[in-house]
Amino acid sequence: MTTFLGMPATAPRGVGQLRGDRTFPQAAHAALGDAQLRRNLRHATATIRSRSGRVIAELPDWQQLRAAGSALKADVMARLPQLLQQLEARVSEAGGVVHWAADAHEANAIVTDLVRRTGSDRVIKVKSMATQEIGLNEALEAAGITPVETDLAELIVQLGDDRPSHILVPAIHRNRSEIRDIFRRSMPGVDPDLTDDPPVLAAAARKYLRETFLSTTVAVSGANFAVAETGTLAVVESEGNGRMCLTLPDTLITVMGLEKVVPTWADLEVFLQLLPRSSTGERMNPYTSMWTGVTPGDGPQNFHLVLLDNGRSAVLADPVGRQALHCIRCSACLNVCPVYERTGGHAYGSVYPGPIGAVLSPQLTGVADNASLPYASSLCGACFDACPVKIDIPSLLVHLRNRAPHPRAERAMMRAAAYLMDRPRAYARAQRAAKLARIAGRRGRGLPPPLSGWTAGRDLPPLPEQTFRDWWARRARAAEEA
Amino acid sequence: MRIALFATCLADTLFPEAAKATVRLLERLGHEVVFPLEQTCCGQMHVNTGYQREALPLVRRYVSVFGGFDVIVAPSGSCVGSIRHQHETVAARAGERGLAERARDVGSRTYELSELLVDVLGVEDVGAYYPHRVTYHPTCHSLRTTRVGDKPLRLLRRVRGLQLVDLPAAEQCCGFGGTFALKNAETSTAMLADKISGILSTGARVCTAGDVSCLMHIGGGLSRRGADVRTVHLAEILAATEAP
Ligand code: SF4
Chain V
1 MTTFLGMPAT APRGVGQLRG DRTFPQAAHA ALGDAQLRRN LRHATATIRS
51 RSGRVIAELP DWQQLRAAGS ALKADVMARL PQLLQQLEAR VSEAGGVVHW
101 AADAHEANAI VTDLVRRTGS DRVIKVKSMA TQEIGLNEAL EAAGITPVET
151 DLAELIVQLG DDRPSHILVP AIHRNRSEIR DIFRRSMPGV DPDLTDDPPV
201 LAAAARKYLR ETFLSTTVAV SGANFAVAET GTLAVVESEG NGRMCLTLPD
251 TLITVMGLEK VVPTWADLEV FLQLLPRSST GERMNPYTSM WTGVTPGDGP
301 QNFHLVLLDN GRSAVLADPV GRQALHCIRC SACLNVCPVY ERTGGHAYGS
351 VYPGPIGAVL SPQLTGVADN ASLPYASSLC GACFDACPVK IDIPSLLVHL
401 RNRAPHPRAE RAMMRAAAYL MDRPRAYARA QRAAKLARIA GRRGRGLPPP
451 LSGWTAGRDL PPLPEQTFRD WWARRARAAE EA
Chain A
483 MRIALFATCL ADTLFPEAAK ATVRLLERLG HEVVFPLEQT CCGQMHVNTG
533 YQREALPLVR RYVSVFGGFD VIVAPSGSCV GSIRHQHETV AARAGERGLA
583 ERARDVGSRT YELSELLVDV LGVEDVGAYY PHRVTYHPTC HSLRTTRVGD
633 KPLRLLRRVR GLQLVDLPAA EQCCGFGGTF ALKNAETSTA MLADKISGIL
683 STGARVCTAG DVSCLMHIGG GLSRRGADVR TVHLAEILAA TEAP
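Top to bottom, those sequences are chains V and A. So the first sequence is residues 1 to 482, counted in this note's numbering. So the second sequence is residues 483 to 726, counted in this note's numbering.
Accuracy of the hints is not assured; some may be wrong.
What the hints assert, rightly or not - Heads up, incomplete: computed chain A residues facing chain V, CB under 10 Å, no partners named:
1) PHE497
2) CYS622
3) MET673
4) ALA675
5) ILE700
Treat the hints as calculated values from the structure; they're not laboratory data. Built from N, CA and C at the ideal position, the CB exists for glycine as well.
Use the sequences and the hints to build the structure in full.
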């Protein structure tokens with residue numbers, strides 16, 4: 001916020017993972033043809049959905065909790081600069097160092113420099129969307145530093161030279177025999193006779209990770225929440241690997257999107273109930289790690305907090321769009337989305353896939369750079385009902401579509417349609433003319449573009465003898481005569 | 483009661499049976515139906531595709547055509563959702579505060595057919611007879627925008643001769659989504675394929691819903707599959723009284 005010059009800047013090009021190199025329909029094409037991928041996705045999302053639905057149904061006050069979460073986030077956005085300044089002051093008082101990064105370039109440079117100064121050429125990483133967003137691993141590697149992901153699914157993605165396809169389950173698109181093959185190929189020191197039995201795979205990962213934890217002195221983490229009043233950072237996770245990263249190394253560097261701050265410690269009680277039930281379908285996540293600055297003789301002795309903007313100020317500047325910053329990355333919207341279920345996360349071209357990705361990515365990059373994403377939704381609304389902080393994703397999609405650059409031919413057609421629809425007599429004449437055109441043509445199995453998408457998979461309805469309007473007029477005349 | 487009918491552009495042009503059935507049904511229940519000829523379209527296609535400026539005259543038109551009526555009905559959960567939730571936004575965005583207020587007011591008096599019957603007219607048994615095996619697809623906008631809840635099912639359960647069968651994964655989108663079916667045709671078709679499998683698994687001969695748009699999509703897919711299942715708008719079932 002100290003760097004805010006009145007012109008909200010979007011996330012820069014050429015760094016990080018917010019832009020795909022293909023449009024959504026192009027990227028979805030490949031996924032739709034991959035039957036294995038679709039089976040993996042359907043199975044995984046259905047499993048999480050039903051588990052989550054069960055534990056949410058246990059809470060009689062779920063709707064009030066959602067309302068509370070939503071109200072808290074709205075309050076945070078309304079006074080984000082003050083809360084961040086408060087957070088900075090508390091973290092500094094507790095012995096941490098706060099850095100402000102305007103964008104991905106700055107954040108990567110700050111972290112790389114901090115790691116270099118420790119003399120280490122390797123860092124262990126706690127699963128973090130923010131560092132993926134800015135492409136930190138690539139930046140570290142370019143600087144000769146090896147980042148090792150410690151979240152099991154992130155590790156699978158990293159070793160497979162792949163990209164994550166889900167916020168919470170980054171390797172959701174992989175099944176276990178694929179995972180075994182990846183481990184065999186890329187995990188240092190792995191048993192070549194590894195089977196695809198899940199406990200065997202987990203044991204192999206554990207052995208590799210333990211060695212890494214004990215021999216690495218720098219860790220990079222993200223954060224789920226930061227408490228302004230105390231300067232406390234929080235990470236929630238299921239595996240416990242994150243806790244090792246957060247406690248064993250000498251130096252801990254946390255990269256956090258600046259929307260993650262909450263005002264008080266008490267606010268956490270709302271989010272710590274909403275998050276696990278919506279995301280993993282657990283009543284409470286197995287590991288919640290919290291730390292405040294540094295404690296002499298206990299845990300990391302150097303703590304750095306990098307507050308990342310990378311387009312967030314631009315999102316905040318839009319009173320309608322800013323609610324996308326309420327997102328707590330639970331991934332519930334992905335798991336209920338019929339589009340995500342069929343295309344998978346890679347089709348969205350960004351680290352943020354699914355419904356929230358379809359709004360957040362274009363907001364962070366500027367809509368023109370991700371213009372196909374707001375259309376990657378049928379506006380069915382399942383995401384809105386699932387979101388634990390009540391983000392109205394369908395309305396945000398519509399809002400962004402209104403700002404997206406439109407194809408020239410489409411614009412002309414929409415204008416013509418609106419013109420006609422505002423002139424009832426001409427409109428009625430056109431209805432009749434359309435009918436004549438159809439009678440002259442074949443029975444709708446091959447329309448020209450852009451309507452060809454329809455006839456690729458569906459027939460057109462037979463045209464009625466008469467429009468409703470004409471039926472009504474004729475009936476009225478008959479009644480008059482009678 | 484005097485009820486204004488908003489037929490919707492799609493029903494008016496392509497599916498007049500749904501609008502005719504709405505008229506027949508309401509008249510049978512003893513109400514007067516009015517159809518203002520100056521009506522055309524609610525503008526939802528424009529709004530949802532990103533053309534709010536182009537939709538503004540259509541919002542203005544809707545408000546001026548229907549502003550004088552106490553009760554307005556449309557056989558479309560989707561258009562009613564748009565009228566209630568988008569018209570005000572479109573007007574406000576254009577800086578037309580007065581229009582926004584009137585749009586909200588007219589929107590609050592606009593009902594989807596099942597809402598009108600159950601909430602306003604207080605009937606669940608409309609005296610219909612329809613001796614077929616039927617499955618009901620709750621369209622996304624009826625369900626999540628207009629929030630008609632189980633009203634269509636309550637009405638269907640009271641139809642004589644009708645055998646109602648549950649649709650598996652009923653609440654999943656059929657993949658229509660207006661221009662989504664054109665812009666993301668492949669994804670839309672994949673969603674449709676699953677919806678059709680669900681419908682076929684019920685053994686129903688008729689699939690019904692409260693929106694002609696989704697029925698057009700589902701019907702187009704069923705026809706392409708050569709399936710012997712018809713799509714019929716809810717209003718047509720509720721208006722049916724034919725003897726066996
Ligand atoms: S938008 Fe809502 S449902 Fe989706 S990930 Fe964020 S918090 Fe979860």
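task: Hint by hint, work out which the structure violates, then give me just those numbers in ascending order.
output: none
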